[in-house]
Each structure stands twice: as structure tokens, then as C-alpha cells.
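Asks: For the sequence shown, the positions run -4 to 401 when our numbering is used.
Hints in this document: simulated from the structure, not taken from any laboratory.
Note that this is a predicted model, so its numbers are computed, not measured.
Each computed EDC-like pair below joins lysine to aspartate or glutamate, with the alpha-carbon atoms no more than 16 Å apart:
| id | residue 1 | residue 2 |
| --- | --- | --- |
| 1 | K141 | D109 |
| 2 | K92 | D21 |
| 3 | K92 | D67 |
| 4 | K141 | D202 |
| 5 | K337 | E383 |
| 6 | K81 | E116 |
| 7 | K92 | D1 |
| 8 | K96 | D56 |
| 9 | K96 | D1 |
| 10 | K261 | E246 |
| 11 | K96 | D10 |
| 12 | K141 | E46 |
| 13 | K96 | D57 |
| 14 | K96 | E2 |
| 15 | K29 | D56 |
| 16 | K261 | E244 |
| 17 | K81 | E28 |
| 18 | K261 | D248 |
| 19 | K29 | E116 |
| 20 | K261 | D243 |
| 21 | K29 | D75 |
| 22 | K141 | E203 |
| 23 | K29 | D14 |
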Amino acid sequence: MNPLSDEQLVALLNDIESDRAERKRDWSGNAPEKARQAVCAFANDLPNYGEPGIVFIGANDDGSTANIQVTDQLLQTLSDMKTDGKIIPPPTLTVEKRILKGASMGLVTVWPADAPPVRYEGRTWVRIGPRRGVASAQDERALNEKRRYRDLHFEAHSVTACTLADLSRPIFEQEYLPNAFAADVLAANERSYGQRLASCGMVASADEPIPTVLGLLVLGITPRTWLPGNYIQFLRIGGTALTDPVVDEAEIDGTIGDMLRRLDEKLNAHLTTHVDFTSQDREVRTSPYPLVALQQLARNAVLHRSYEGTNTPVRLYWFNDRIEISNPGGPYGSVTAQNFGKPGFSDYRNPQLAAAFKVLGYAQRFGAGIALAQQALQKNGNPPARFEIEQNFVAAIIPSSQRLSS
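Start from the sequences, fold in the hints, and give me the full structure.
Replies: Structure (C-alpha cells):
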């Protein structure tokens, strides 16, 4: 993914008929909306160019320069298009300031997605020539085929022993679809059940409706039958070592939605709140852990874990002085042990599962989970969570805000 040269960029800028360029005079009015549509369309790459599309901020429709000031704030705003959760799966893009034709421009370079279709607020945008619009049923079929033959992510692999009977149609139609697509797209009702499953990556294709790993994770009636490591092992230990007595234990399995709901119930059951009526003139409530921090770190573990080549579960071990959350699968892609958890560094082993998290309401924006957890811990009086990062696993250790919590 090498950046384009100045000569290549100027050629795109000047080619008014190119469907790999979007020009915006500035970042006002409807520019943010139109630019996101363009990012979505470039990521889908319906013409199958295999080349990046460019959004030029500071360019007029005829390719001339608008001579705007490109500030750090503008570049940060452009970068937020990747992580604000409006475009799913998260697009692969870079943002930079370049001097073209003697003027400053903000450039958003968007690479074709490995796992199309990509949607912006529930709509699949595509572009061919001067046309940019919502994908037709035939367009989505073509995008599904591209994913089928190009995607390298394990979540997109077919599980050949499965059939449609292994997926829950009520969960798909009553819970998933209404949140995945805009209401007017659903109302059009042009697509069959198989086509809709394929469009969401739940089956290999409408013509070959074999459930994928993603389909089983999100809609599976018994996902663990096919993916033995798909569960959360919960232990509440009455001490500070694994050899101390176990107070409570559970193997939490089911669909991703079921697992996260049941884990929330378990966390709430064990979170104690201490009420102090004496030290101040009003009652003070304290808890050893903020729920939101535990939720963010546990959901991160489920989302970013490896589901391939391992039967290891996500583990949440609750000791008297700390909680440890670990998952199989080390840092992935552009994330390394050195930049792990730092703002601006995020990548996805399971990009379609990340999209499903957003659809199901378990992610509001991408790449912010650790930062939100650390913020909540600080506010609650906990030391920061620390991370043990190895090639094949990641563990988060969350110290209690109290010396010992029962």
C-alpha cells in the first residue's frame, strides 16, 4: 500500500471522468456526508480496479485548487472516518497533507476492502464512472463474489458441514437486519433470505448458502459445536492465586450477542458496591471496578481473539486483588507490542466481526475500547490496566481500586 506520487495524484485530480477521485472544496455543508459515501464506494471497488481511490479536500470540481488551510484538526477529523463506526467494516485508509499544483490539500487515500460489501450507515455505496449510488441487488451480488474469492480472513471461511438450519433466522431477521440496513433499504425488499445472509457475510454466497465462521458466531444455533473455542471461561477465585478456592465458575457460550449479554449479567452479579455513610456528610458509593472498563476489555478480547487453529477460550479470572482477561491471538497487522493500546493504532483480525459488534450495539466507535477502559479506571480510582503481549496471546490485568476486595 504505497502512497501515490504527486504525478499520479495530479493526473487523478485533472481527470474529471475518473471514478477513483472525489473532490471537495472544503469540509463544510454536505462534504462530510458525500466524502463518507465516496470512502465507502472506493472501499467496495465495484469495478475491481485493485487501486486506491482518493478524496481530495481543497479541490474544486474542475480539478483546480481551492487554496484552503489544511490544519491538524482537519486531518484528525478526516482520520475519524475510519473509526467513528459509521462505515463498517472499518475501511483501510490513510490521511495526509500534500502540496499539489502549488496548494495545500487534505488527502484521504482509500484501499479496496478485503471483505466487501462495506456500508455507510446501513447503505452499500458503489461507484462506476460518474455514477455514485446505493448498490443494487446485482451490485451486492458482485461484491459478495469478490469477498468470496479474495478474502483471507478466517471469519469468512465456509464451514462445509453446516447448513442454513444451523443459523437462527429469527435472530437474523428480527435483531440483526434492522440494525444493519437503513429502513428504506429493507423496505425495498428486493433480496431473498439467502442474498441478505450473503450480503452480511453470514453465508458464502446466495448460490452456495453454506454458513461462514462469521455466520456461526453471530447467528449460530450451537456455535460451539463447530467452533469449540468460542466461549468465555469465567472464574471468581477467593484469593490472589489460581490455587485458591473457586467461588464461582461458568463457561459462557452461544452467539456473540448471547455471550456478551450473559457476561454482563455475571459481572453485575459479582460487582460489589461499598456505601460509606460516616466519613462525609453524604453517602459515598465505591466499587472495586467500573463496569464499563470490564465490558470494554472483555469485548476487545472476544473481538480481537484468533478463532483459527485454537480451541482456547477467552478467559476472565477474577481474583481478590485484580481481574485478568486473556485471549488467544497476539497483535495483528499494524498493531505491535510497542504501539498496542496507543491512540491511532488499530487493526482487525476479524473485520466483519467488528462490523457485527457495531450492528449489535457492542461497539460505538472503533479503536477506542482500551482508551475508554483506562479513562473509566482512572475515574474510579483504579491503577491503569496493564497488558502482557505475546505472539500468541494478549492478557489485560486490571488492578482493584481497593487493597483487597471480597
